[in-house]
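K.L.:
Next come the chains, spelled out residue by residue.
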Amino acid sequence: ADDVTLQLKWVTQAQFAGYYVALEKGFYEEEDLNVTIKPGGPDIAPSQVVAGGGADVVIDWMPSALAAREKGLPLVNIAQPFKSSGMMLTCRAETGITSPADFPGKTLGVWFFGNEYPFLSWMSQLGIPTDGSEGGVTVLKQGFNVDPLLQKQADCVSTMTYNEYWQVIDAGLAPDDLVTFKYEDQGVATLEDGLYVLENKLSDAAFADQMVRFVRASMKGWKYAEENSDEAAEIVLEYDETGAQTEKHQKRMMGEIAKLTAGSNGALDPADYERTVASLMSGGSDPVITKAPEGAWTHAITDAALK
Amino acid sequence: MRSIVPVLTVVAGIIAIWYGAAIVMNQQWTRDQAERAGVELQLSDIVVDTLSQERPKLPVPHQVAAELWKTTVEKKITSKRSLIYHGWITLSATLLGFAIGTGAGILLAVGIVHNRAMDMSVMPWAIASQTIPILAIAPMIIVVLNSVGVQGLIPKAIISAYLSFFPVVVGMVKGLRSPDAMQLDLLKTYGANKGQSFWKLRLPSSMPYLFTSLKVGIAASLVGAIVGELPTGAIRGLGARMLSGSYYGQTIQIWSALIAAAVLAALLVGIVGLIQRITLKRMGMTR
Amino acid sequence: MTDPVIKAERLDLTFETNDGPVQALSDVNLTINKGDFVSFIGPSGCGKTTFLRAIAALEKPTGGSITVNGVSPDEARQARAYGYVFQAAGLYPWRTISGNIKLPLEIMGFSKAEQEERVGRVLELVDLAGFGKKFPWQLSGGMQQRASIARALAFDADILLMDEPFGALDEIVRDHLNEQLLELWARTEKTIGFVTHSIPEAVYLSTKIVVMSPRPGRITDVIESTLPKERPLDIRDTPEFLEIAHRVREGLRAGHAYD
Amino acid sequence: MTDPVIKAERLDLTFETNDGPVQALSDVNLTINKGDFVSFIGPSGCGKTTFLRAIAALEKPTGGSITVNGVSPDEARQARAYGYVFQAAGLYPWRTISGNIKLPLEIMGFSKAEQEERVGRVLELVDLAGFGKKFPWQLSGGMQQRASIARALAFDADILLMDEPFGALDEIVRDHLNEQLLELWARTEKTIGFVTHSIPEAVYLSTKIVVMSPRPGRITDVIESTLPKERPLDIRDTPEFLEIAHRVREGLRAGHAYD
Amino acid sequence: MTWLIFALVFWALAFFANVRIANSGHSTALWARLFVPVLFGVTILVVWEGVVRGLGVPSVILPPPSAIWAQITQSVPTLWMDFVQTFIKGALTGYLMGCGAAFAVAVLIDRSPFLQRGLLPVGNFIAALPIIGTAPILVMWFGFDWHSKAAVVVVMVFFPMLVNTVQGLAASDTMQRDLMKTYSASYWQTLLKLRLPAAMPFVFNGLKISTTLALIGAIVAEFFGSPIKGMGFRISTEVGRLGLDMVWAEIAVAAVAGSAFYGLVAAIEKGVTFWHPSQRS
Ligand SMILES: Nc1ncnc2c1ncn2[C@@H]1O[C@H](COP(=O)(O)OP(=O)(O)OP(=O)(O)O)[C@@H](O)[C@H]1O
Ligand SMILES: Nc1ncnc2c1ncn2[C@@H]1O[C@H](COP(=O)(O)OP(=O)(O)OP(=O)(O)O)[C@@H](O)[C@H]1O
Ligand SMILES: Cc1ncc(C[n+]2csc(CCO)c2C)c(N)n1
Ligand SMILES: [Mg+2]
Ligand SMILES: [Mg+2]
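Residue numbers (my numbering), protein chains in the order written: chain A, 1 to 307; chain B, 308 to 594; chain C, 595 to 853; chain D, 854 to 1112; chain E, 1113 to 1393.
Just chain A, with the same shape it has in the complex (with noise of 0.2 angstroms):
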């Protein structure tokens, strides 16, 4: 069998069901592959992984990855498992914020480590500086989790709406005293969690072909794992190490999680992309990505895995 390793972009939970479960399944053993899956984490930059040959393939947010190509590492996105996006901005109603126009002023809890720039072109486009300057937002780094919402030292905090919204919930708020701006309804959604590989091993036959049976095994996977919500769910209690994670927030979750995938049969769709391109173009004098990307996709390995 042929050795692949993926690495995770954040820790064991139902975001990656669809590996688990094809690894649980026996998916990849089928299409004669021996994956080890490698959970991410706050301190582990996927792309830096790859370049550093500690995995073959990794899961990666579309913003990040193309600003990585920019400078100077060449990632290419081989299949897109994930078709919309679940972040969000989760603020406490009491602040008095009910559109975005009502932002300057505040204080926003963001991710940074490569996940800041949807948000950044989305402050951009909104034309709110986020510097400190007269008429913007404070942006705090937000750590990993929601406390600065719940400890009231951001009036905003960002969320997925597979996981830390529920962790808001969880905690006692109720949804009437939140109020939630979803990325993808906002219109600057970007994509996420898809499966990126260094362009120069593509070229590589062999490569490629354990990528196709990769692809195949992984998106049968997520597939059983869309229809099967909570066995996958268990399985991938099954394979947290830390035991830390709850039974009913991984259930959630793997609910929340099946409706991002669901428009997805693995292929990435060129008008996600460009609506992505465009999106983190448009960021005014301080652009994510300066000129359009080239090659930073193909459809070569999701055609002959789903053909």
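FYI, nobody ran anything at the bench for these hints, they're computed from the structure. Even for Gly, the Cβ is constructed at its ideal location relative to N, Cα and C. Hints are not guaranteed to be accurate.
[As the list claims (entries may be wrong)] Using 30 angstroms as the maximum straight-line C-alpha spacing, the simulated BS3-like pairs for lysine-lysine come out as follows: (1) 965(D) - 1341(E); (2) 71(A) - 1341(E); (3) 83(A) - 251(A); (4) 495(B) - 654(C).
[Unchecked claim] Among chain B residues calculated to face chain C with C-beta under 8 angstroms, some are: (5) 489; (6) 499; (7) 511.
[Said to hold, decoys possible] Between beta-carbon pairs, the in silico distance windows are: (8) 863(D) - 410(B): 53 to 59 angstroms; (9) 354(B) - 1287(E): 53 to 59 angstroms; (10) 343(B) - 1209(E): 33 to 39 angstroms.
Guided by the hints, dock chains B, C, D and E with the ligands onto chain A, whose structure is given.
P.N.:
Same frame as chain A, now just chains B, C, D and E with the ligands:
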């Protein structure tokens, strides 16, 4: 053993302060919840609620104790929810790192004390090396080691060693230089060579300094091992517990992992202290 | 008896201190021959210790030259020519008394058995048998000093340099050790440099008495003893002895500001 | 002259060591009156230092009792009754010589001006004028010892305890300091406890000479001096002096194993 | 390949030069004391540049020093802003408070054997809490700005400083203490005039180790939440963006600032403990 009563007294004091602080720090949340629900609160309600929140700003001792009990005694030690299992993972990296770090630290100190070129060139850079934020370069270390095929325990141990070698170098350099002029002169009159002055004079007189450094060093090793768990995916170990606890806002889980780490550190420091006492006693240096 | 073992010529030694230089030795000329027993006597602070240290290459002269066995003091030290008894006992606190005496033996590579044998012998010599297992701080001041003498006698250095070795001892132990030292010297033909404040001791022991004057340390008188090599304790009551003692006292007094 | 200042009764003192107990003092009875000058003499290791330390409450007797001015040594210490000169100089390396002498003065709250005045005076007394700004390691052994004497004399303790203070000094300085000490004692009516190994020194200085025997330390003889209080240096040649010295020497010799 | 060979040759030459200077008579001269470590450092940089270029290491893994230098010269204002936020506000404040507190606690518990036996083990315990656990909690308690960073530093430097000070306060020898007893010196007098001076070599050991811990602590704490400035913020953000040049630029600033900080404390130590054998030879 004479310290039992004083320790218990101090611990009791801390626990009392801890409960008080918990009530103060957690009450904001209780009030907010009540306001949202539109109920009036008595003082007693506030106290009861602040001591039993699910994700308190400051968990109270009995909550942490219960969590510790649950995750140590009630779980099999092979279970991934057992703190003993995670503690062992961290401990093994700590010990390996401490061994590497102490060894390297002592060797460096010996070099610095015996070789002027090393003294002049290495010491400033050993200092500079410690000002590099380990968490920043840890991922790079992991990536680089990974690309040469080193994985698992060793990268964590290296990060742990990186943090522990420095206190050992500083303390040992001082200790190896602590013999006074007459003690050194005596050996000179014997025409003793460098090795002999090292084994017979410098090393014995550095012992008090060495042990003080070792105590700091082993605590630093533990911190290093925990830090090293982050860029290795934070899948096992006390650091992983803290991080995942923090990721999910599980303050009780963070605190129990923290307490576990501190117990581990205290044990390790205690063991070094015991060895110190035995050694110094055998050397006739305690009266 | 006429090979020069130690030869100092126009020796100068100046210490740099926080408030200016201190000249400890100035224009010191001295020749010590093989088998000589030379005592140094002089007021406190006149440079006796400094001169002994210069012989043992523990201080670097700032002028003049000094040779030991025809080579530099440093080379002589490499050849393990010295046994040195410091003015303070300077025992290593982490070694027992036996351990301290073994120290030079270990360094010079004596066998374990030989070490034990010698330790036993010198402990006996300085009357400390039975105290081998004690640590230095468990001994009285005089006992520590005797232990440090034992340490210097345990191995066979050609040149023995002793800085007030018997200062903290009572008259009777002192007499006893004086006899022992003379016997050892007669038996082994060692060359001995000996600092003392006791005029009778200096006269009793020495073949040559060097009288020094205070800062900057100079040699004011070198007295060759006319006493025979064989010296019973009661030689100290002979007129010859008293005359030498008188000459030393006069030399000493000249260096002092009082009276 | 008959108030007992120090009164020891059936005093026992045993040290516990790694290889068994060491009895340092055994059944010691002694009364010292106000204004006495008491010398302690005895073979090395017999317990002289230990006894002085017990008086100053630095060691706790394991048996018997000791009172100072009618109270316990501890309380006497609280009342700052002691000036103590240790057997080793024990100067603080981070203070200059002046700084070391000022130490007790600072502690006892003397004014700055008074401190300066006293430091100058005692430095002069021990012949170290000009060395005030040096650090201890820049002085010779004898100079360090003199500095530590100066330190104990700088303030006016009623009881002066001196442990071989003049051991590292040459005869002439020693004679000089002996005279100074006697003069000080006559002037101030201090009570002095003095350890020495020199029989003439003991006889010359003391009103009472305590001869001790070796381990376990016992008092074998207490000799009341018949010499007058006024003592020129040449009193040492009188028959009376020589007789007392002879008695001390006999007492000392009895405690030794040799001959 | 030529780069590699050049690096190795340079290394060999510099090595010999340093050994020559260090063993020559000039080794105590000021120029030699500066030149030797600088040459050592330059050697590291040259070897680094040579290896990176020679082996073609991708710059997202390890950029060459030349690129880092270019980044430093370009980003002076940003680097300065981050430095003030992290070093001056976070590390320095925390260092002063933490070392001060540890010193005070050491003196306090030294007075009472009861507290010493009770607090020391518990103090060890609390101060051994790893930064990864404490930082999120302290950020939650003290907010996102530098206050929480200072708090993390306080917790980090406390233990080394405490252990060293306690050890130091026990360092005076018996005779020195007996002397104080004969004066019937009060506790404070003995402390001020004997035990503190004798403790200084140990205290400075603690202070020196703490300088580097303070800087690490302040930087790492920013990882767990911060305003959008600060050295730790910049480092973690730029790692995520693969801006390794900037990461190393910040590390360089940290190394220079940390070394200078350490050097300053070491210089003060030299003045205060001039009498200690380790400073005299
Ligand atoms: N390390 C030093 N630094 C500065 N000055 C010194 C040093 N060592 C000795 N001296 C000075 O040199 C002079 C001679 O000192 P030395 O120790 O040789 O005297 P000594 O004759 O042995 O006296 P003593 O009989 O008191 O031991 C003294 O004035 C002393 O202050
Ligand atoms: N701290 C200690 N622990 C154990 N034994 C000790 C201690 N101090 C002294 N002794 C023992 O007590 C005995 C008496 O010692 P002390 O110091 O009183 O003698 P000394 O009469 O002052 O002798 P010297 O003239 O040599 O100074 C000695 O046998 C010594 O070994
Ligand atoms: C420092 C930090 N950065 C990012 C996230 C959030 N986050 C990490 S990965 C990911 C997408 C997949 O879950 C999201 C939203 C965090 N919590 N902490
Ligand atoms: Mg001398
Ligand atoms: Mg004594």
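K.L.:
Work down the list of hints and note, for each, if the structure agrees.
P.N.:
Hint check:
1. 965(D) - 1341(E): violated (54 angstroms)
2. 71(A) - 1341(E): holds (22 angstroms)
3. 83(A) - 251(A): holds (20 angstroms)
4. 495(B) - 654(C): Answer holds: residue 495(B) to residue 654(C) is near 14 angstroms, not above 30 angstroms.
5. 489: Holds, about 5 angstroms.
6. 499: This interface hint holds because 5 angstroms falls under the 8 angstroms limit.
7. 511: Holds, about 5 angstroms.
8. 863(D) - 410(B): 53 to 59 angstroms: For residue 863(D) and residue 410(B) the Cβ distance comes to about 58 angstroms; the hint holds.
9. 354(B) - 1287(E): 53 to 59 angstroms: The hint (53 to 59 angstroms, Cβ to Cβ) holds, given that residue 354(B) and residue 1287(E) are roughly 57 angstroms apart.
10. 343(B) - 1209(E): 33 to 39 angstroms: Hint holds: Cβ distance 38 angstroms, inside 33 to 39 angstroms.
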